[in-house]
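**Student:** Here is what each chain is made of, one letter per residue.
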Amino acid sequence: NAGVTQTPKFQVLKTGQSMTLQCAQDMNHNSMYWYRQDPGMGLRLIYYSASEGTTDKGEVPNGYNVSRLNKREFSLRLESAAPSQTSVYFCASSEPRALSYEQYFGPGTRLTVT
Amino acid sequence: AQSVTQPDIHITVSEGASLELRCNYSYGATPYLFWYVQSPGQGLQLLLKYFSGDTLVQGIKGFEAEFKRSQSSFNLRKPSVHWSDAAEYFCAVGAGLTGGGNKLTFGTGTQLKVEL
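Protein chains in written order, with the working numbering: chain A, 1 to 114; chain B, 1001 to 1116.
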């Protein structure tokens, strides 16, 4: 039982390049989330998927797109990377029917845009 | 909208001393509250959670937290800190999202340093 996995762990991009961050969970959770973490700002929600086939914007969606590929996988795409997107990205999952609102986090992807 | 304030950015304690990390929240209904810990270069690990019942909750690694509705607080405590507790600690409040799922709103974190 690996929980939530993310790839890659580290990435360096040049301004304007694109990339996709991958996330998968093996806990059969319905909901999945993408956060970014910046120094002094905690974690902020980028996008979420309440269930397979649905996605919605969070607090800071600009510059990102997401795909809920199936129940297990939720990817985050940067179409044209900007230095402001340098951050640590975390994927999380939860089971809303558990009524506890607990989220389980992956190890993170550290992205640098130069 | 919900919000979380962690007033202490950095805290330094000696190993063996007691610890209290402060957390204040703003939320209109009964809150779902969490403390997560993040070691350097790692993801977030849940320490404990509160969503109903006893206002003093026990977590992993010897941590506990007390929910005080009158003060809108959910402070994290540990009687005796170990050097391995050095990490960043995040308080969060949970709420349901339109269309399903749930959202965690995080505080900005408290960095704990433990002096040997």
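Rather than coming from a laboratory, the hints here were simulated on the basis of the structure.
Warning: the hint list may mix true and false statements.
What the hints assert, rightly or not - Here are the simulated SDA-like pairs of lysine to any residue, each with C-alpha atoms no more than 25 Å apart in a straight line:
| hint | chain 1 | residue 1 | chain 2 | residue 2 |
| --- | --- | --- | --- | --- |
| 1 | B | Lys1049 | A | Leu111 |
| 2 | B | Lys1068 | B | Gly1043 |
| 3 | A | Lys14 | A | Thr54 |
| 4 | B | Lys1049 | A | Lys14 |
| 5 | B | Lys1113 | A | Asp38 |
| 6 | A | Lys57 | B | Lys1113 |
| 7 | A | Lys14 | A | Pro39 |
| 8 | A | Lys9 | B | Ser1084 |
| 9 | B | Lys1061 | B | Gly1096 |
| 10 | B | Lys1113 | B | Asn1075 |
To be verified - Footprint (simulated), chain A over chain B, 3 or more residues, beta carbon under 8 Å:
| hint | region |
| --- | --- |
| 11 | 1043-1051 |
| 12 | 1101-1115 |
All figures in this text were calculated on a predicted structure; none of them were measured in a lab.
By construction, the Cβ of each residue, glycine as well, lies at the ideal position given by its N, Cα and C atoms.
**Student:** All hints are to be evaluated individually against the structure, with a verdict given for each.
**Tutor:** Outcome of the hint check:
{"no.": "1", "hint": "B:Lys1049 to A:Leu111", "result": "30 Å, violated"}
{"no.": "2", "hint": "B:Lys1068 to B:Gly1043", "result": "28 Å, violated"}
{"no.": "3", "hint": "A:Lys14 to A:Thr54", "result": "31 Å, violated"}
{"no.": "4", "hint": "B:Lys1049 to A:Lys14", "result": "40 Å, violated"}
{"no.": "5", "hint": "B:Lys1113 to A:Asp38", "result": "20 Å, holds"}
{"no.": "6", "hint": "A:Lys57 to B:Lys1113", "result": "36 Å, violated"}
{"no.": "7", "hint": "A:Lys14 to A:Pro39", "result": "21 Å, holds"}
{"no.": "8", "hint": "A:Lys9 to B:Ser1084", "result": "24 Å, holds"}
{"no.": "9", "hint": "B:Lys1061 to B:Gly1096", "result": "29 Å, violated"}
{"no.": "10", "hint": "B:Lys1113 to B:Asn1075", "result": "18 Å, holds"}
{"no.": "11", "hint": "1043-1051", "result": "holds (count 6)"}
{"no.": "12", "hint": "1101-1115", "result": "holds (count 8)"}
Hints 1, 2, 3, 4, 6 and 9 from the list above are not met by this structure, while the remaining hints are.
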